[in-house]
Structures are given as C-alpha cells and as structure tokens.
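Undergrad: One letter stands for each residue in the lines below.
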Amino acid sequence: MTKVARRHSSRTGKKSNVQREFDKFVGRKILFMFALLVLAAILVGVSVTFGPLEITVLEVYRAIIQRILSTDLGMDELTELVIWNIRLPRIMWGLAAGFGLGVAGCIMQAVLRNPLASPFTLGISAGANFGVSLAIILDFAIFGGMYAVIGNAFIFAFLTSMIIIGISAIKGGTVEILILAGIALNYVFRAASDLFKYFATYEQKEATQAFGQGDLGTFGWSELSLVALIILVCMILVAPKLRDLNIMTAGDETAKSLGIDAGNLRMFVMMVASFLVASVVAFVGPIGFVGLVGPHMSRMIIGSDHRFQLPASGLLGAIILVSSDILGMNIIPPIIIPVGIMTSILGVPFFFYLIMTRRREYW
Amino acid sequence: MMIKLAINGLTFSYNSVPILDDICMEVAPAKLLSVVGPNGTGKSTLLKCVDRVLKPQQGNILLDRKDIMKMDRMEIAKQVGYVQQNVKRSFPTTVFDTVIMGRRPHQGWQTRDEDHEIVWEILELLDIDQFALKYFNELSGGQQQRVLIARALAQEASVLLLDEPTSNLDIKRQLEVMDIIQDLVRTKRITAMVAIHDLNLASRYSDRMIMMKNGRIIVAGDPRDVLTAENIEAIYGVEVDIRTQSDAPYVVPLKPIKTKKVWHHENDFIARSKKKVSSIGRISDNLSERFGQVKVLK
Chain A
1 MTKVARRHSS RTGKKSNVQR EFDKFVGRKI LFMFALLVLA AILVGVSVTF GPLEITVLEV
61 YRAIIQRILS TDLGMDELTE LVIWNIRLPR IMWGLAAGFG LGVAGCIMQA VLRNPLASPF
121 TLGISAGANF GVSLAIILDF AIFGGMYAVI GNAFIFAFLT SMIIIGISAI KGGTVEILIL
181 AGIALNYVFR AASDLFKYFA TYEQKEATQA FGQGDLGTFG WSELSLVALI ILVCMILVAP
241 KLRDLNIMTA GDETAKSLGI DAGNLRMFVM MVASFLVASV VAFVGPIGFV GLVGPHMSRM
301 IIGSDHRFQL PASGLLGAII LVSSDILGMN IIPPIIIPVG IMTSILGVPF FFYLIMTRRR
361 EYW
Chain B
1001 MMIKLAINGL TFSYNSVPIL DDICMEVAPA KLLSVVGPNG TGKSTLLKCV DRVLKPQQGN
1061 ILLDRKDIMK MDRMEIAKQV GYVQQNVKRS FPTTVFDTVI MGRRPHQGWQ TRDEDHEIVW
1121 EILELLDIDQ FALKYFNELS GGQQQRVLIA RALAQEASVL LLDEPTSNLD IKRQLEVMDI
1181 IQDLVRTKRI TAMVAIHDLN LASRYSDRMI MMKNGRIIVA GDPRDVLTAE NIEAIYGVEV
1241 DIRTQSDAPY VVPLKPIKTK KVWHHENDFI ARSKKKVSSI GRISDNLSER FGQVKVLK
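Those protein sequences? They're chains A and B, same order as listed. Okay, so the first sequence: first residue is 1 according to this note's numbering, each after it adds one. Okay, so the second sequence: first residue is 1001 according to this note's numbering, each after it adds one.
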C-alpha cells in the first residue's frame, strides 16, 4: 500500500514520509549554519568585554555599529578606542585565521580522502616555521625590511605545498603520494628548524618559538583586511567546486566516470587551500589543530555534504580559535598563554567528547 | 544492424605490461553483455577503458558511432554509467547524497529541484528510498550495490558498465541485483556490460557473452555457444560438465586440469592445443556470421 502511495505521490508532487524527513534533514543543516553564525556574533561581543577596562557587551555592539554607520551613538571615546584598536582586531584575526584554517583543512581532507590531512600534517606549517627560522636566525629573507618574517613564512609554506603537489603531478597525483610527501617534508623542515637553534642566540630562539606557538595580536586592521580579502577570493574560487568535492570522496575512478577530471581538480583546490593556509600562517603563526579538527567536528555534526560542511568547518574553526584565545588571555592574567597551546587544550576534550558520543562507525 | 557500442583494436598496457591486446567487439542496444574470464584477464580494465577512466594506448571505442576518445569527460558521463567494484569509502555520505552525485554531468554548478525528483524516482525504482537518509556504509552489501547502480542510473546513461556487481553477495541478493540489471536492459533499453565471475549467473542473464583470457577476447556470442566444455577447459583450465537449466547452459565444475606450465601468452596456448584453438576460432567466426552483434576479429 505505502509503496503505491509513494509512487503516486512523486507524480502528484506530494511528498512521502522519507521526503519530508529529508527536507527536515536539510533544514537542520541550514539551521546549524545559522546557529554557528549567531554564536560567532555573540562570541565577538562577549570576547571584547574581557580585559582590564570594564566594557559591557552592549557597548561593544554600539561601538561596532557607530563605526560602521559612522554616526554618533554617544560612546565614551576611550572605550571606543580600546574596542576598536586593541581588542576587536585580535578577535577578528582569530575569526579570520580560524575560518581560513578550518576551510583549508576541510578541502585537504576531501580531495586527499584522508582524515589526517591538515595544514599541519602536510608540512605546510612546518614550512612556514622553517622560513621564519631562516629569517630570524640566519638572517636570510626573500623580502627585506619589515616583511622579512611574514614573507619567508608565506613563501616557504606555499613552497612546501608546491613541492608536494609537484611530486604528485610527476608521479600521477595519487592520494598516498601526496600525503607521504607531506609527512616527509614535515620532518625535514622540523629537523632543519631544530638544527638552526644551535646557532641561535637566546633572543632569536625566543622569537622563533613565539612564532611557532601562534599569536593573533601581532597585526592590526590593515593586514587583516588583506587576509580577509584572500580568504574571500579563495572561497569564491572553491564555491563552484563544492559538489565536486563530494564526488571526490567517492574515489578518483568514480569521479572520472561522473565527468570530473579528478587529478586537475585536486591540484586546483590544493593550490587554493595552500595559498589560504600560507597567508594565514604567515601572519599568525602555525596554529595547529583547528585545521584538523574543525572539519571533523562539522562532519560529525552535519555530515559530509561539502556545500554545508565547508563553511561549517570554517565557522567552527573561527569559534574554536577565538574562544581559545580569549581563555588563554584571561585564565591566569597578566600572562597570555599562546593561542596554539590553548586551542589544543580546549579543543581536544571537546573532540574526544564528539568521538565518544557518535554511534556511527566513522562520521 | 544497430550498434550501440563498438570497440576496435583496443590495446592498453600499464607500465608497458600489456593488459588488453587488440580487443574488438560490437554490441547492439538493449543487450546484456557479460564479460567472463579468469582472474587478471583484463575484464575490469576493459570496462574502465570504455568509460575512459583509463586511457587506452591504441584503438577506438565508438558509442553511437561517436569516438569516445574525442569526447570530453562530461559528455561521456552523460552516456556511460560505471558501477565500480564496491570499495571502502573514506568519508561516509548518505544514500541520497551518493545517488545525486550521478546528476553531476547534467548540472551546472547548482542542484535543481528536477535533480531531486529524478533521484527520488530512481530510489523508488530500486526500492531503496527508505534508506535515503542512511549512511552508505551502514547498508548491507546488496543495498550498497543498489545504491551504486542508482547513482549510475541518475546519470541517465544509455550504457551501464558493471564491475562484479554480484561479488560478496549471498545468492538471493545476487539474483536480485541481476534481476535489476536485466529489468533495466529490457524496460529502459539500456545496454549493460557486466564483468562477472559466476558463469552460471552470466549464462542465465546475458544476451551475449565474451570470454577473455590474457587480455584478449577468445570467444564471443550467445552464452549457449560460449559456455561449452571445450571453451571453459581451454580458457579456465577446468574440466566441466555442461547441463541445461531453463534453456541456458549450466556449468558444473569437475576438477582443475593440471598444467605443466603457466600459459603466459596466447602462443603457448595455441602451441599446446591446436585443435581447441581452431575450434574456438570456428565457433566465433560462425557466431559473428550468425549473430553479427558481437564479433571477434581474432
């Protein structure tokens, strides 16, 4: 009976039970995305209130609106200055960096079909570290002046992924080769960075270590707008490929038989993701974990349809990074615990919680 | 004579090891063609070449008289669906999301309502719509096979290539899957090319059959003419008894024939038993005259 009814329903346009359930399923995904956005907005407001100067959440939003609309809502000038010039940039850096790393990790896991793929495990972060060590300890920099460190970090991070992609292009671009090459480069760069430390002065060691632990507070609005622009461009480049990323998880042969040039697509999105990671890491340091775990969390919660999973990975990455940083700054003031350390301390328990409570064999 | 798919002089080698050697065949529309032969004969490779997942070094493949080598991937994907041997997947997707992948060749960069409707219809057709929201790897082997067939159907292709669709299934699911394929051939006039190990399943369901060994088609035609004791002994090295069951040959394996050396090449095979080869050649010549639809030019 039900079967006949179902058959009939698809022609009359009425929806069967499964179809209604499906609509709900999609609705939940959209709701989840919306919830993440709201959460991020609240997080921004709340995060700004932490610090020596008393600021209320309402003042934070008022200051933001006042600046955006360039009207006068009667804000205290000092409060506005603290919000705009000291606290907000750091939080916005957290949002941008977390988003970028989450998205890049999601892309890499999809096209490499490997749950361990992330900017960290592929050696891209280690490449950035190596570049920074070169600049600080050996005084070798691609760009001179104030961009020496950032320039080196970016170039060596991007170079690392280009080597990985290049090797796989020569060898046929299989997933295994990409990952093995990444892991190998990771070790080489770490070894080299460690080696440099023998020739470093105390200050140089401190400086490279500081970069290695990540810091969201080094740069202000102008650099942030550059990174935000890069993130935007990368998102625009990847957006038309999201469904193809879904298909890529089914394997290269299936992808090819569905009309997708798997090798080329992998190269393209890996380049975009690498560029994204290199830009973020150059400014804030190699913050691990977010790029690995953001995508896993979003996959556990809303599944692996990348049209939802990719933005959700970014948003989760942003939220994790900002909350970690706020906690790191305020847990034992006036000491600021580096964000790289805090993300792991805060994120791992939550990650384990998700792993333990999932019933599926693998999310 | 209508020809859906024609393969001429197809040669494929991997790292200069020849896998397929001068394959020639033709299939009419709405036929179920099975591809049989011992392990490592190149059955899967042949299917992959037809879908151009692999790129053959020589020869051409004509689909409705158009050369597949000159078509782009998306164009091929609209006409040829490929059901891969079931492999373990890295990240689980739901059944619906898996099947809608098959709509990709027909989509722009957005999924339309029409695509959803088509997918629902196919899910209903294969009776897996109740699993739409389940994850692929939570399903049983038979259900997974249906999902993969559904994805190929979503491509709305006129040729389906299926690689071992019945492996790892119990006998009931084997029959169900083969029934689905036969149904599609009969009702949707799809041409199905099925690589399969089970000679009796192949015998029961196929309209045409090709038997391969060492990258070559040795014999082709109606299953009744292909599945002879002589052919199977020569190609598989197994002594068999052929019976008839519901008008189709039924193969009862008796014992493997002990061989002094492994046949690496067709020439060894010819040298070893001239009589058999000539009889196979005669059979296939006769077949191509008689049926014309599947012919072997070697």
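Please keep in mind that the hints were generated in silico from the structure rather than gathered at the bench. Heads up, some of the hints might be wrong.
[Stated by the list, open to error] Footprint (simulated), chain B over chain A, 3 or more residues, beta carbon under 8 Å:
#, stretch
1, 106 to 115
2, 279 to 293
[Claimed, not checked] Looking from chain B toward chain A, a few residues come up when the C-beta cut is under 8 Å (computed):
#, residue
3, Val1053
4, Gln1057
5, Gly1059
6, Arg1073
7, Thr1093
8, Thr1094
9, Phe1096
10, Ala1248
11, Tyr1250
12, Leu1254
13, Pro1256
Backbone N, C-alpha and C define an ideal beta-carbon position, used for all residues, glycine too.
Undergrad: Run every hint past the structure and note whether it holds.
TA: Do the hints match the structure? See the list:
1. With 5 residues having a Cβ less than 8 Å from any Cβ of chain B, the stretch 106 to 115 of chain A passes the three-residue criterion, so the hint holds.
2. Coverage of a stretch by a chain is defined here by at least three residues with a beta carbon nearer than 8 Å to that chain's beta carbons; for the stretch 279 to 293 of chain A and chain B the count is 0, and the condition is violated.
3. The interface hint given for B:Val1053 holds, since its Cβ lies 5 Å from the closest Cβ of chain A, which is under the 8 Å cut-off.
4. The interface hint given for B:Gln1057 is broken, as the beta carbon of that residue sits about 16 Å from the closest beta carbon of chain A, more than 8 Å.
5. Hint on B:Gly1059 is violated. Least Cβ distance to chain A is approximately 19 Å, over the 8 Å limit.
6. Hint on B:Arg1073 holds. Least Cβ distance to chain A is approximately 5 Å, under the 8 Å limit.
7. Interface hint at B:Thr1093: satisfied, since its Cβ lies 6 Å from the closest Cβ of chain A, which is below the 8 Å cut-off.
8. A least Cβ separation of about 7 Å between B:Thr1094 and chain A falls short of the 8 Å threshold, and the interface hint therefore holds.
9. Using the Cβ-Cβ criterion of 8 Å, the hint placing B:Phe1096 at the interface with chain A is satisfied: the shortest such distance is roughly 6 Å.
10. At about 31 Å, the closest approach between the beta carbon of B:Ala1248 and any beta carbon in chain A exceeds 8 Å, and the interface hint on this residue is violated.
11. Because the closest C-beta pair between B:Tyr1250 and chain A is about 34 Å apart, greater than 8 Å, the hint is violated.
12. Interface hint at B:Leu1254: violated, since its Cβ lies 37 Å from the closest Cβ of chain A, which is beyond the 8 Å cut-off.
13. Hint on B:Pro1256 is violated. Least Cβ distance to chain A is approximately 33 Å, over the 8 Å limit.
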